[in-house]
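Asks: Sequence:
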Amino acid sequence: MVRWVQVKTFPQPPSTEHLPQKAAYLDSLGGTELATAPNIVIIFFDDLGYGDLSMNGNALIDTPRIDTLAGEGIQLTNFYAPTSVCTPSRAALLTGRFPIRSGTQGHVFFPDESPIGTLRRVIGVGNELPAD
Numbered sequence: 001m002v003r004w005v006q007v008k009t010f011p012q013p014p015s016t017e018h019l020p021q022k023a024a025y026l027d028s029l030g031g032t033e034l035a036t037a038p039n040i041v042i043i044f045f046d047d048l049g050y051g052d053l054s055m056n057g058n059a060l061i062d063t064p065r066i067d068t069l070a071g072e073g074i075q076l077t078n079f080y081a082p083t084s085v086c087t088p089s090r091a092a093l094l095t096g097r098f099p100i101r102s103g104t105q106g107h108v109f110f111p112d113e114s115p116i117g118t119l120r121r122v123i124g125v126g127n128e129l130p131a132d
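In terms of this note's numbering, the sequence shown is numbered consecutively and its last residue is 132.
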């Protein structure tokens, strides 16, 4: 039996709500000294398994850019996501807290204009990180 699943994405236009705060922050950085520490790039994937990259032996999916980055940098291969779904994992990365501490365990946030986001809003379930 073959099952077909349609994945629908919801475009999120850039929000202008916090533009003045962002501009003020960027302006405040103008007089800072250049950092001497190395640049660090964090690449955070949703639903990516170790065996999904061609550098790890996957012959079905070609990932040349990721392979190049991995070949020229450091590969940290003994770490795990704090949870199996995207929202709590992202919250953990951004806050430095386990999902249970940030109140995001078991949650997946959806754009407000999506059907699930609308339903969450109607029934009064928050669609944002809890306040600290």
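In short, the hints are calculated from the structure, not lab data. Quantities reported herein were computed from a predicted structural model and do not represent experimental measurements. We treat Cβ as the ideally placed atom computed from N, Cα and C, and that holds for glycine. Check before you lean on any hint, since a few could be wrong.
Said to hold, decoys possible - Each pair of labels, with its calculated beta carbon distance range:
| hint | residue 1 | residue 2 | range |
| --- | --- | --- | --- |
| 1 | Arg-97 | Ile-43 | 19 to 29 Å |
| 2 | Thr-95 | Ile-123 | 23 to 33 Å |
| 3 | Ala-70 | Leu-93 | 34 to 44 Å |
| 4 | Ile-100 | Gln-21 | 45 to 55 Å |
| 5 | Val-125 | Asp-67 | 36 to 46 Å |
| 6 | Val-85 | Ser-28 | 34 to 44 Å |
| 7 | Ile-116 | Leu-93 | 15 to 25 Å |
Asks: All hints, please: hold or fail.
Replies: Against the structure, the hints:
{"no.": "1", "hint": "Arg-97 with Ile-43: 19 to 29 Å", "in the structure": "holds, 21 Å"}
{"no.": "2", "hint": "Thr-95 with Ile-123: 23 to 33 Å", "in the structure": "holds, 25 Å"}
{"no.": "3", "hint": "Ala-70 with Leu-93: 34 to 44 Å", "in the structure": "violated, 19 Å"}
{"no.": "4", "hint": "Ile-100 with Gln-21: 45 to 55 Å", "in the structure": "violated, 30 Å"}
{"no.": "5", "hint": "Val-125 with Asp-67: 36 to 46 Å", "in the structure": "holds, 41 Å"}
{"no.": "6", "hint": "Val-85 with Ser-28: 34 to 44 Å", "in the structure": "holds, 35 Å"}
{"no.": "7", "hint": "Ile-116 with Leu-93: 15 to 25 Å", "in the structure": "holds, 23 Å"}
Checked against the numbered hints above, the structure breaks hints 3 and 4 and satisfies the rest.
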